[in-house]
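S.K.: Chain by chain, the residues:
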Amino acid sequence: MIKRSIFSNPYLPYLLILPQILVTLTFFYWPAFDGLINSMLVSDPFGNYSRFVWFKNFIALFTDFLYLKSIGITLMFSLATAITSMSLGLLIATLANRALKGKAIIRTMLIWPYAVAPAISGILWLFLLHPSYGVVALAIKKFLGVDWNPVLHGGDAMVMVIMASAWKEISYNFVFFIAGMQAIPKSLIEAAAMDGASPFRRFWNITLPLLSPTLFFLMVMNIIYSFFETFGVIHTMTQGGPGGSTNILVYKVYQDGFIGLNLGSSSAQSVVLMSIIIVVTILQFKYVEKKVQYTG
Amino acid sequence: MEVEMMRGKRIVAALLTGLMLLVGSNVMAKKIEIQWWHAMRSARGEVVKAMIDKFNASQDEYVVVGTNKGNYDEVLNAGIAAIRAHKQPHLLQSFEVGTQTMMLSGAIYPVYKLMADAGYNIDWNDYLQAVLSYYVNDKGQLMSMPFNSSTPVMYYNADMFKKAGIPMPSKSKPMTWDELGSILQKMIKAGVAPAGLVSAWQSWTQIENYCAIQDLPFASRADGYEGLDCVLEFNSPQVIAHIAMLKDWMKDKRFLYGGQKYQGPKAEFIAQNAAVYIDSISGIAKLQKAVKNFTWDVAPLPVESWMAHPQNSIIGGASNWVLAGHSKKEYKGVAAFLAFLAEPEQQIFWHKQTGYFPITLNSYEALQKEGYYKEQPYQEVGIKQLNRAVPTKNSRGLRLGYFVQIRNIINEELEKVWNDTKTPKQAMDDAVTRGNKELRSFENIYQK
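These protein sequence lines map, in sequence, to chains A and B.
Its first residue numbered 1, the first sequence is counted upward by one per residue in the numbering used here.
Its first residue numbered 1, the second sequence is counted upward by one per residue in the numbering used here.
Possibly wrong hints are sitting among the right ones.
[What the hints assert, rightly or not] Facing chain A, from chain B, some residues (calculated, C-beta under 7 Å):
no., residue
1, D73
2, I80
3, I83
4, H86
5, G106
6, Y257
7, A267
8, E412
9, E415
10, K416
11, N419
12, I445
These aren't lab readings, by the way, just hints derived from the structure by calculation.
This one's a predicted model, so the numbers in the text were calculated from it and none came from an experiment.
We put the CB at the ideal spot given by N, CA and C, even for glycine.
Chain B on its own, in the form it takes in the complex (with noise of 0.2 Å):
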């Protein structure tokens, strides 16, 4: 009897919970849910989810649901595929170097139409021009909302700097190559160091910052952003000159290879092997956490003695496109979670739990205000660098086709430098001979 009478309770109660999860849905179901698939991972990926519970719980008409795909790539191909089978979510967030295929799609909803169409109206100029540049077609127009920016800057071992008696580098004018070298050889003559600089990700430190600080172009077409006939020209004598000074620099330690990426030059420099590291910003948070036993600090990448007023350097991260085949309702949405993301709070938020840039002015003026940039000297060497000029053609950022396939080209021939296979002639010619075939090959699919 007993045993009956618990079955009877339980499936009562079964069909209470039931009941009460369709009545919850349906509750659900009014608000409109808006597909978020990003690529942010770990500590990352938390505050983005911060972010959004913020939003949902701001307002009642929308839930914006953030979904992990993975890395950059598998992000990219995962949107790609949904695309393909028309089950594609309203915003994906892709790295800079597919925008140029993303702007290609004709699956995307440009941002500042979006905007426009859902009513809001932006002033474009409050936002940090040198990462905006990136996402801009040649009309200026912004295709995407940059979601996470960050640029190169140059860390130093500041214990080694004070030993060899070199006086602390400024945080706000960059330093010469020429001079960086003497004080690299300085201080490895006097044993202080065991070798100078690494660097991380050489074709983006090295060839295309390079190339926009010294307001240089990379490409023809103002570097891609005007056509896709465009060729490669970092085979300036400029360039090949800059990678003849570091291929020199071998011979003395003064430049030490430690990789393409940034896992081996970043090693070389916690175990103090190495005295000065070019890498991104987002290098900050890794050194605070893995460096215990010296001090080291941010400066802004060096620059030609002959360049006297140097250009922004160029940004890496990604930005979410908002793609299209989705209802106006829901774009309302989208577009009130692109405005709040946008917000100083939130990218203040954003800016000082991952060091990615706010990409608003306000909101960089409200951390200044505030004082964070007393407190974190470090955050502010790379936003000085952004905003030290008004983009040129050069430096706004880089529009090219198969970028993957070039960076790995200008990867493959600077090792062949390195380990003196090339001389840096012929190695920065080969890059652009085997990159423009890569260029002409991406070209020849869009001729209809």
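Next up, chain A with everything else stripped away, as it sits in the complex (with noise of 0.2 Å):
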């Protein structure tokens, strides 16, 4: 039998959420709807002066070819930022999983990096790659010979922002899918080998399978971690450079309207960077999810 509870009184569930739904209205449709209406106008920081212009932030964006780039740079470094961090949290957490001696105070290390904060992670890494005073980069400079410069080189940058980013994620991209494994049951992996299943088939025909829902949630978490909050990354290490290519979509909306004071062309952004968040997210629910199975 299902235990139901009904309030005898219609109007108290809705009083018991109204606390919630204030919070929403004020701290994010609020926001959203004024940056709604601030795409749409061309003003001045202060506000005296202000003028209605339909949707020509919108085409302004959309007919600069550099704005495009900072687009397919977004995904892109998205894309690879979410595989890398989740490959290697999987990799790991299967290792881990596995380990017999000191699990418990390797899983708790592994979990660490994921306090550091993303600027932090930013400067962090900075002390190893920076081509000027990093320590690894001085290292393969004069071990290996390679031309290591991401000060110089668009495509350097993007490894070392990249790298920045996962590292952190890892660790979360960790402590969920260790959690997902643990509750596997035990005897269909046991099942499986007795047999005769290799431990890579057992990985790939029951592990992978039971995990898809926690695949399918860090995905999501994943591109939209590297969407919004890589920001402290970017600010720190490469502020969008060399040239731009590692301008991705949040640095930009930071540049041109909290340093850059324009208000509108900035809110414009912001739109679109909730509209492909928003349409990534449906496509995520619409497509993904019908492969991914919530119950063993």
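Got two chains here, separate frames each, mind docking them using the hints?
M.R.: And the structure:
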């Protein structure tokens, strides 16, 4: 029998969710609506001059080749970051799940990097990879003779920011993967082993399908992370350079809006960013979720 | 019983303290409060605090409350938000690239007017003109009070110069770019220096200041001072040739690109990977702290050989804007505080503590007289470079809308030169085209 609570007063449930609705309205819908209005205005930062221009700000964006390029850079960066951090997270989770000695310590230590803020992660990696003072950069230049220079070459810079962004997400993915793996009944795997399935086959045919809800959830989270939260990494490491090669959308919003004080264009950019994320999430739920098995 | 007594005593004590606080705040309330939002932190923040404390102790009518609102961008944004909410401070420090935005804000009380209204008869000719001229309007009236001003200079590794047998550069007469080129070639060939020149803030040092010193226009309409309809003009043959020269220097490592800001270039200079380093005079303090194993010195920025009488360099830094919407009484206090900050004693203290220029000539002369520059010869190079000529329309400063975006564009396009994506001409032309687009959209805002 299913237990059901029924409120005697029909208004009480609404009253109970009112605080949550208020918080969402003030901190999400209100600013989002404001951004939507601002994206159709041309205005000075002080609000003395302000004109409604319909979609001019958007048209200006989409006729700007560099903005389209920035969209491309963002997609590439996000995909690369998500794939790197998820595959490494999964690999480490698989290994840690099998470790016999010191399981608890290994797991705890693997979770630590998640506590590092993206900006700090950027600084840490910069101390390793900056061509002028990075320890690793100086070493690979000296011993391997590689012309590593993320200050000058766009490709190197991209690799650098992907590493710094993926690094701390690995921990996050690791936690979820290992939790997911522990929920898989041991008997299933043991049965497969008795049937002579190799470790890889067991992983591919049993663990992975059963992990698919986790995989799906993490994909959504990682894409959102790499779209928005990587701001700190870009800000501390490359500031969008060299030559705009790591200028992802969220950083451009900040540069044009907060520093450059072009509020109309930066609001339009935020609206575009919001739309992209909405579309990506809908697509994921519509197509990818169908392949997800929620019950074992 | 005893516990009761104790409690009674405590209540009395609390009441007394409360009463004292009330009385105290009443006394305080008689003083007029002046709010100053600034961007000076850590060591500079302490110097600012010391000056505020001194002002507050020097009189009992006003009390200045200084608040650090973060870095330059954050202070400006805090100011904008406050102005929009009608809760603005009296004084707001804004960096030099925000000058145009502040001037057009409609929210300011021009400093020349404030000082005249408050009854101060200031001889503006006593100020360092290269500093003042950055903040004047097209009629030459001062809009904001210069506060912290710096200018780029050339640092060099004196040990490397000595080892290569090259005489030390003069502290007042600039060398030419050609001379610098052959010096660096010599040093690199002799194996004395791994690389030649590194430059911080490339847009400011290699284009904006290059134009000013060579008396070339950066933008039309007197670098934007005379109208929002100005267009960028830094794709002149001379500037393109300068960038092409630096690009050419990259081949034999006479020029090394270390990044847009100062951290990379500074690190190369400190690690003795580069013999010459161009950066703001604020680098003096940083190098004094960081360099232990070699001697370095300062010289003026190089000039072109065809420039017989080089112009002044332009400044960077920030100024204090007086914001509109306060009472007359309070403005008297603001004027008194600004006058106090301009006094030689404060200017000398400021200059000695931070390295930023004193803004008046008499404080500069006082410093000369007391022999400060004999002890600290570094410090005078920048001032001499600023004072060597009367600022022209090309060397007063830059008055551009969306200047931050324009600097970003210049940085991007220059990086494309350095990494072989574009030729110098192509990059400068593209920077001008893209920058003009920004200028037009800025102009568009203010068309009613």
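S.K.: None of the hints should be skipped; say for each whether it holds.
M.R.: To see whether the hints hold, each was checked on the structure:
1. For D73 (chain B), the interface hint holds, since its Cβ comes within 7 Å of a Cβ in chain A; the closest pair sits about 5 Å apart.
2. Nearest Cβ of chain A to the Cβ of I80 (chain B): about 5 Å, under the 7 Å cut. The hint holds.
3. For the restraint placing I83 (chain B) at the interface with chain A, the shortest Cβ-Cβ distance is roughly 6 Å, inside the 7 Å limit, so the hint holds.
4. Of the supplied interface hints, the one on H86 (chain B) is violated, with its beta-carbon coming no nearer than about 11 Å to a beta-carbon of chain A, more than 7 Å.
5. The restraint placing G106 (chain B) at the interface with chain A holds, with a minimum CB-CB distance near 5 Å, inside the 7 Å limit.
6. About 6 Å separates the beta-carbon of Y257 (chain B) from the nearest beta-carbon of chain A, less than 7 Å, and the hint is met.
7. Proximity of A267 (chain B) to chain A holds as hinted, the smallest CB-CB distance being about 4 Å (cut-off 7 Å).
8. At a threshold of 7 Å, the smallest CB-CB gap from E412 (chain B) to chain A is about 5 Å, leaving the interface hint in force.
9. For E415 (chain B), the interface hint holds, the least distance from its beta-carbon to any beta-carbon of chain A being 4 Å, beneath 7 Å.
10. Hint status for K416 (chain B) relative to chain A: holds, with the closest Cβ pair at about 5 Å, below 7 Å.
11. Look at N419 (chain B): its Cβ gets to within about 5 Å of chain A, closer than 7 Å, so that hint holds up.
12. Restraint check, I445 (chain B) versus chain A: the minimum CB separation of about 5 Å is within 7 Å; hint holds.
The structure does not agree with numbered hint 4 stated previously, though it agrees with all others.
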